[in-house]
Each structure stands twice: as C-alpha cells, then as structure tokens.
Amino acid sequence: MPIPNEYNALISLLFRRTMEGSITWEKIAYNQLQTTINDTTIRIWAGEDDQTNERFVAFQLRDYPSSYDDNTIDHWYVEQGDSGYAQMLDFYDTVRRQVSGVSERLKSLMSYLETVDSDKIDSSNESGSRNPF
Amino acid sequence: MIGVWLTLWQVVKARKASEATKRAIDSTVNTLSAINHLSCTEQLCSRSRDVMHLISSRNITSAAIAAFELRESLAKHPMFKTDARGYLPEFWDTLEKDIMNIHEALESAVTIKKLDSELRESLVLSVSSIHMLLSELAGKLNREVGKENAYSK
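Line order of the protein sequences matches chains R and Z.
Going left to right, the first sequence walks through residues 54 to 186 as our numbering numbers them.
Going left to right, the second sequence walks through residues 1261 to 1413 as our numbering numbers them.
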C-alpha cells in the first residue's frame, strides 16, 4: 500500500518541520513514536511483520486528548517495495534519532574529541577489551 | 463485700472474653482479606498467562483483548494503589504503566494487522516479567493466608 494521496503533503511537511526541530516527538511504548499537534496525535512505528517478514512503517492519526474509547481516526502502513516506503523509513529514522538525542550526543562527542589531548581520551572499558588497531 | 468482688470478677471475665472475641474477629477479617487478595491476584496471574500465550501464538487480536482485561482486573484489585501488605502505590503505578504500554502496543498492531517480530519478543518478555511479579505476590499472599489460619487455630 503506498502513502495515501491525501497524506503526501502532510508527510513532507512533518518531515521538514521535524528536521528543523520545530516538532518535538516522544517515545511511547516500545518502538512507537508520537507527537501531538493541537487536537491530533500522530503516531509512527516501524518493524518487520512477524508473519510475512515484510518490513513496514505504520502511521496513525489519533484524537487528542485520548479517551478510553478507541481514539484512532485513521491508520495506514507502507511495506518495503511500496512507493513511499523509503520516504517513510527515512522519516521514521529521522524522528527516532531526534527522540534519542543522537544529534546532541554526536555534537558532544565531536566537541570532546576535537578539544581533548589525544593521550587523555578515556576509551577504556571494564571488560578490558583492546582496540586491535 | 463478696457481692462487689463477684461483680468485679465478672466484669474482668467479661472484658477478657470480649477481647478474645475481638481478636478472633480481627483474625477472621484478616484471613478473609488475605483470601480475597489472593483470589484477585490469582486472577491477574491467570490473565497475564493468557496474554503471554496469545502473543506467543501470534493471536494479536485476542492478545489485545486479554491485555485490556488484565488492565481492567488490575484496576479492580483490592490492593491497587494502596500500601496494603507492604506493597507501595509506586509498585502498582509501574505495573499499571507496563500493562498499559503492552495493551497500547497490541492495539496499534491490531489496527494494521501487523506485529513487528522484535516487538513480539519484547512483549513476551515484558508480560512474563509481569507474570513473575504477580506470581511472587500470589505466593506471598498464600503464605500469609496460611499464617493467618495457623494463628486463628
């Protein structure tokens, strides 16, 4: 199933706003990521179907605030091989990195590595494994 | 004078009998409470076992329903969010959150009729951890019921 037509523009805009950092996502249960904009919660997750082994990215629109009733407004998914899969996977990975704070972690590492003396880098670990190179 | 002493002796005797009755009632109430707690906890164990089996057998729709029922039974548990028997409210909060996360993940999988294989493994591990916690609680309550019965004999 490709990305539904009425979602193409929204996905592109969400992607752009996420890259700019103007939309903040959070990790909820397990591999699910979500953001809430006004009265709508957007949830995305990705994985490999347990039955078919097809990789997929799923998208869900939900009412906010949630209630005990089913608050899903709409949902769809794209599978590997569908048009839009690469775009959705890229989007999911971008969100996942934002949620995990990958960018800040890399900046911190780079800043440390650029400023510290080479003989002071503490790369040891408890197991005593050595870099073979 | 003998009449006064007799009356006093009867009062003391009646008071001791009343205290013994109160102790017996307290012990019975404690035993009944422990039996009720144990029965409700065994029900939770049974539901968590169902959830685990249904996820393992890839029956996600039934697993989502069973997870909801587990969540519902937890909310109705007489010890839920109390500090009864040394279990702090935080214990119940964590349990509730974990079960809610499992339920939500399963519901999302049901909407697209797809369950990620890694997620399935994580869910099985999470539910089995919850099942073990509940089983430990059931074991503790079982011992308490035994103890209460021994005291009441």
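Please keep in mind that the hints were generated in silico from the structure rather than gathered at the bench.
Quick caveat, the model's predicted, so the values are computed rather than measured.
Be aware that a few hints might be false.
As the list claims (entries may be wrong) - Far from chain R by the CB rule (all over 12 Å, computed), these chain Z residues:
| # | residue |
| --- | --- |
| 1 | Thr1281 |
| 2 | Ile1285 |
| 3 | Asn1361 |
| 4 | His1363 |
| 5 | Met1392 |
What the hints assert, rightly or not - For the chain Z half of the interface with chain R, some residues (derived, Cβ under 10 Å), not all of them:
| # | residue |
| --- | --- |
| 6 | Ala1274 |
| 7 | Glu1302 |
| 8 | Met1360 |
| 9 | Ser1386 |
For glycine and all other residues, C-beta sits at the position ideal for the given N, C-alpha and C.
To see whether the hints hold, each was checked on the structure:
1. Thr1281: 46 Å, holds
2. Ile1285: 40 Å, holds
3. Asn1361: 3 Å, violated
4. His1363: 9 Å, violated
5. Met1392: 19 Å, holds
6. Ala1274: This interface hint is violated because 55 Å lies over the 10 Å limit.
7. Glu1302: 26 Å, violated
8. Met1360: 8 Å, holds
9. Ser1386: Holds, because the Cβ-Cβ distance from Ser1386/Z to chain R comes to roughly 9 Å (cut-off 10 Å).
The earlier numbered hints that this structure contradicts are 3, 4, 6 and 7.
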